[in-house]
Amino acid sequence: MSPLAALVAALAIPLIGALLIAMAGRAPNLREAITLLTAVLLFLAVASLTPHVLAGGRPQLALFQILPGLLLAFRIEPLGMLFALVASGLWIVNSIYSIGYMRANREEHQTRFYVCFAGALGATMAIAFAGNLITLFLAYEALTLITYPLVTHHGDEEAKRGGRVYLGYLLTTSIVLLLVGIIFTWNVAGTTDFLPGGILGDHLGKAATGGLLALFMFGIGKAALMPVHRWLPAAMVAPTPVSALLHAVAVVKAGVFSVVKVIVYIFGVENIAGLSSVDWLPFMASLTIILASIIALRSDNLKRRLAYSTVSQLSYVVLAAALLAPLSIVGAVFHIAAHAVSKITLFFAAGAIYTAAHKTEVSQLDGIGRRMPVTMAAFTVGALSLIGIPPAAGFVSKWYIVSGAAASGQIGAIIVLVVSTLLNAAYFLPIVYAAFFRPPPAGDAAHGEAPIPILIALVATAAMTVALFFFADVPLQLARQVAGLPD
Amino acid sequence: MIGEHLAALQVVVPLMAAPIIVLVRRGAFAWALTMVVSIASLAIALALLVQVREVGVVSYALGSWAPPWGIEYRVDIVNAFVLVLIGLLATIGGPYAWRSFAAEVPEDQHYLGYAMFCLCLAGLLGIAITGDAFNLFVFLEISSLSTYVLIALGRERRALVASYQYLIMGTIGATFYVIGVGLLFLMTGTLNLHDLATRLGDVAHARPVLAALAFVTVGISLKLALFPLHFWLPNAYAYAPSVVSAFLAGTATKVAIYVLLRFYFTVFGKSEIFDSLPTQDIFLVLSVAAMFVASAAAAYQENLKHLLAYSSLGQIGYITLGIALANQAGLTGAIVHLFNHGVTKSALFLLAGCIWFRVHSLRFADLAGLARVMPLTCAGFVVGGLSLIGVPATAGFVTKWYLVLGALETGHWWIVFLPVVSSLIAVWYVWRFVEAAYFREPGPALIGIKEAPPILLLPAYVLVALTVYFGLDTSFTVGTASRAAEVLLGGLR
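These protein sequence lines are chains A and B, in that order.
Just so it is clear: in the first sequence, position 184 is 184 by my numbering, and no numbers are missing.
Each position in the second sequence, counted from 1, maps to that position plus 487 in my numbering.
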């Protein structure tokens with residue numbers, strides 16, 4: 001398949017899949033077969049593009065003008081390539097998991113669920129391959145809206161409230177800040193294309209650059225930089241597969257992906273390095289890392305703990321990008337993949353525990369490792385990865401971020417990373433300890449592992465977490481290209 | 488042959504249809520003729536638009552009396568665009584009216600309703616096309632009087648009160664306008680808008696012209712429902728028959744806005760008097776008030792049509808904000824929103840009509856769980872709502888883009904955030920519908936309710952589709968609007 005055809009396929013497959021899933025609504029087996037097939041085809045299309053992009057190819061596709069001079073256009077560069085690979089690859093696993101989870105928990109409206117899921121992946125692909133800010137913005141808003149029915153899936157009062165917070169935060173930030181930032185960029189630069197080295201050049205003064213950066217960083221609410229993080233825990237009212245793929249991978253990664261993309265391709269790393277008006281960003285990111293970890297530490301609800309852990313980990317990416325050092329940019333890009341596989345494993349495990357044991361709180365997990373050894377082993381792998389212990393993916397990203405910080409002499413960032421590592425250990429390891437080494441409470445209902453599809457999924461992602469440590473070549477190569485380093 | 492007289496036919500065709508309908512006195516014939524007239528209006532408007540794109544200005548001397556002595560019909564890109572909007576919404580409303588009138592208007596009044604619709608159409612088209620200030624007043628009265636009747640046709644008795652309220656306010660507005668025009672005639676001796684513009688520069692005494700400007704501004708502002716002169720609008724829209732609400736919401740206030748544009752930029756634009764008044768600041772403040780106060784009021788309405796009406800007031804605020812910015816981007820935003828909002832709001836009113844047709848209520852309490860029984864209507868309504876918010880890939884987004892761009896060009900940061908923050912209020916009121924329709928259990932009012940019939944749904948969906956289309960492909964809307972803005976700004980010194 002030619003790169004252009006593969007690009008078109010990657011954008012079209014999820015949408016066609018959504019349509020077919022909707023039509024197959026009355027036959028659950030067919031519907032779920034189509035979901036799986038769509039996911040596999042999407043991944044194949046995306047994967048077929050990888051060698052081309054690694055070799056320096058940049059396939060592009062310009063559709064039509066939305067506004068004079070502003071095209072709906074797609075262009076694949078290494079960062080988007082990696083993001084698309086991660087999201088589409090994990091969608092396959094997540095679909096297997098969803099089938100197990102949705103059936104075991106007898107959820108309603110399953111057709112709507114699968115349709116919206118495919119639609120969300122379509123929007124994610126469009127974000128990953130967006131060639132300019134306006135296309136990115138369009139897909140970004142589409143992703144917010146298409147995931148709204150997923151967040152409010154249960155339709156009860158709690159879901160409605162969570163949905164309000166979700167939509168309120170994401171739409172407010174994107175409309176009030178991000179959109180203004182985009183229009184401002186267009187006004188001064190005369191283009192919104194993503195170009196290596198940035199497009200702002202010396203069009204803007206020092207203060208205005210800092211202001212514009214603030215519009216983007218807080219406007220991209222999906223990156224959950226404090227204080228615009230509240231939507232993420234609120235989104236946890238969704239069924240676990242949604243939390244796993246969307247609120248650990250697709251949606252939040254769309255956020256930090258946009259952050260990195262804007263810093264690298266709109267501002268240009270070299271343009272803003274050393275500018276005192278952008279110094280607040282690493283500070284805010286550090287603050288988010290530490291505060292979110294502390295909140296995670298104090299949360300007894302497992303999904304809430306994972307959500308705040310996500311908030312904290314997302315700011316790793318923001319911090320790494322904001323250090324503006326080439327090696328830390330590599331770390332930022334790699335962490336998009338590393339955190340994705342690790343966190344999805346943790347959410348899968350949380351969902352497995354809920355399905356098999358109907359437990360949602362950390363304090364209920366004493367001894368659960370004896371009844372669900374596979375699940376808790378996978379959980380441990382994910383947790384170790386996020387703490388940053390080899391041999392797991394999280395170690396690699398942390399290594400690069402710290403190297404970048406050291407090379408550019410930013411000691412503060414290193415201290416933040418060390419403290420956060422300790423905090424990560426403090427909120428993850430007690431769960432592992434309690435699961436394996438504490439006796440189960442008396443009178444606990446007997447249960448075994450979750451259904452097989454769920455187990456397959458979480459073992460697969462745990463394996464990926466480890467594999468990404470040993471076979472990190474492709475993502476690292478892509479990341480080095482983003483940072484402008486030789487392969 | 489016909490090509491030369493297009494400008495006259497634009498008004499004459501619907502105007503002549505009205506007496507014919509009254510003579511024949513048959514509902515079906517009236518509907519068919521209205522349909523033909525509407526389509527003809529759209530076709531003529533499009534033909535005129537094509538013409539003015541080539542030649543710039545089409546001037547038609549009525550009765551061959553050369554302007555400025557005779558009445559001139561003068562079409563440029565600005566009013567050609569408005570003519571297309573009116574023709575389009577009349578054409579879409581036609582098929583819908585058949586079932587809508589049947590359900591809401593007593594049968595013996597059908598033909599009268601259609602006659603009034605044709606008159607209203609003629610009046611609105613006339614306002615937009617004429618180049619004569621007094622002729623404009625005549626058409627203003629034709630459209631207003633027919634509108635009062637159309638509103639009074641509504642099923643509920645409150646429609647009569649709403650119509651009466653509008654009659655009082657509309658008459659005051661028209662009177663103010665004609666006083667202003669009288670003063671202008673006194674000072675310049677001409678009624679031709681184009682001629683007025685050149686002669687105003689030489690006027691020695693400023694005070695009467697100043698008074699004229701004030702009278703015209705207040706008069707037109709009443710007709711376009713500029714906050715706080717809007718009190719007639721919500722009830723008028725809410726109690727009129729569905730198709731009438733839809734047509735009026737998309738055209739009546741929009742035509743008034745066109746008149747405002749014409750007076751401010753073409754007529755007064757060249758005169759020094761214009762600069763001596765803080766019109767720009769006044770419009771800025773009133774627009775912002777509309778964008779926030781009226782939109783917030785929309786969120787507290789219990790009736791869906793009231794909600795849409797208050798939302799219209801807020802959206803008119805966007806348009807007048809663009810006018811107040813008075814630069815290329817801002818004015819483009821205002822003109823494109825005039826069109827886009829007309830399409831969007833008509834779609835929403837048509838869908839509200841679909842709901843009424845089945846449920847016989849538009850109160851939020853009765854709409855709980857509506858999406859289960861009327862999924863298509865509700866989905867269309869959500870898409871229209873997204874356009875009110877200004878989500879990308881809908882028509883509303885285009886406006887916001889240009890308004891923010893226009894505000895950036897003025898260099899005032901606080902203005903930049905006004906349109907975007909106020910669109911959050913739109914999220915609020917649109918989501919009231921979403922939560923009612925999608926998240927509540929259906930109540931007893933919805934037992935046995937089916938999806939609206941295709942003849943009602945289809946016209947609404949054409950407009951919904953256009954709402955999305957004009958959000959993606961803006962070459963027609965933005966292309967025309969930005970040229971119109973150029974023409975208007977060219978009228979300034």
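Hints may contain errors.
[Stated by the list, open to error] Result set (SDA-like, lysine to any residue): computed pairs, CA atoms no more than 20 Å apart in a straight line:
(1) A:Lys206 - A:Lys160
(2) A:Lys160 - B:His899
(3) A:Lys206 - B:Ala923
(4) A:Lys206 - B:Arg919
(5) A:Lys206 - B:His899
(6) A:Lys206 - B:Thr662
(7) A:Lys160 - B:Trp900
(8) A:Lys160 - A:Asn187
(9) A:Lys160 - B:Ala786
(10) A:Lys160 - B:Glu928
(11) A:Lys359 - B:His899
(12) A:Lys359 - B:Arg859
(13) A:Lys160 - B:Arg919
(14) A:Lys206 - A:Asn187
(15) A:Lys160 - A:Val176
(16) A:Lys160 - B:Glu922
(17) A:Lys359 - A:Gly274
(18) A:Lys160 - B:Ala923
(19) A:Lys160 - B:Tyr787
It should be emphasised that the hints constitute simulated quantities derived from the structure, not laboratory data.
Sort out whether Glu922 (chain B) lies within 20 Å of Lys160 (chain A), counting only the CA atoms. 8 Å, holds
Mind checking the alpha carbons of Lys206 (chain A) and Thr662 (chain B) for me, to see if they're no more than 20 Å apart? The hint is violated at about 55 Å.
Are the Cα atoms of Lys160 (chain A) and Trp900 (chain B) separated by 20 Å or less? Not OK: Lys160 (chain A) and Trp900 (chain B) at ~35 Å, beyond 20 Å, violated.
Quick one, are Lys160 (chain A) and Glu928 (chain B) close enough, alpha carbons at most 20 Å? 13 Å, holds
What's the verdict on Lys206 (chain A) and His899 (chain B), does the C-alpha distance respect the 20 Å limit or exceed it? The hint holds at about 19 Å.
Check the hint pairing Lys206 (chain A) with Asn187 (chain A) against an upper bound of 20 Å on the C-alpha distance. 17 Å, holds
Straight-line alpha-carbon gap Lys160 (chain A) to His899 (chain B), limit 20 Å: 38 Å, violated
Sort out whether Gly274 (chain A) lies within 20 Å of Lys359 (chain A), counting only the CA atoms. Roughly 49 Å between the alpha carbons, so the hint for Lys359 (chain A) and Gly274 (chain A) is violated.
Just to be careful, I want the Cα atoms of Lys160 (chain A) and Ala923 (chain B) compared with a cutoff of 20 Å; is the pair within it? 11 Å, holds
Mind checking the alpha carbons of Lys206 (chain A) and Arg919 (chain B) for me, to see if they're no more than 20 Å apart? Violated, because 43 Å separates the two Cα atoms, which is more than 20 Å.
Between Lys359 (chain A) and Arg859 (chain B), does the CA-CA distance stay at or below 20 Å? This hinted pair is violated, its Cα atoms lying about 33 Å apart.
20 Å Cα cutoff - pair Lys160 (chain A), Val176 (chain A): Violated, because 23 Å separates the two Cα atoms, which is more than 20 Å.
Violation of the numbered hints given earlier is confined to hints 1, 2, 3, 4, 6, 7, 8, 11, 12, 15, 17; the remaining hints are satisfied by the structure.
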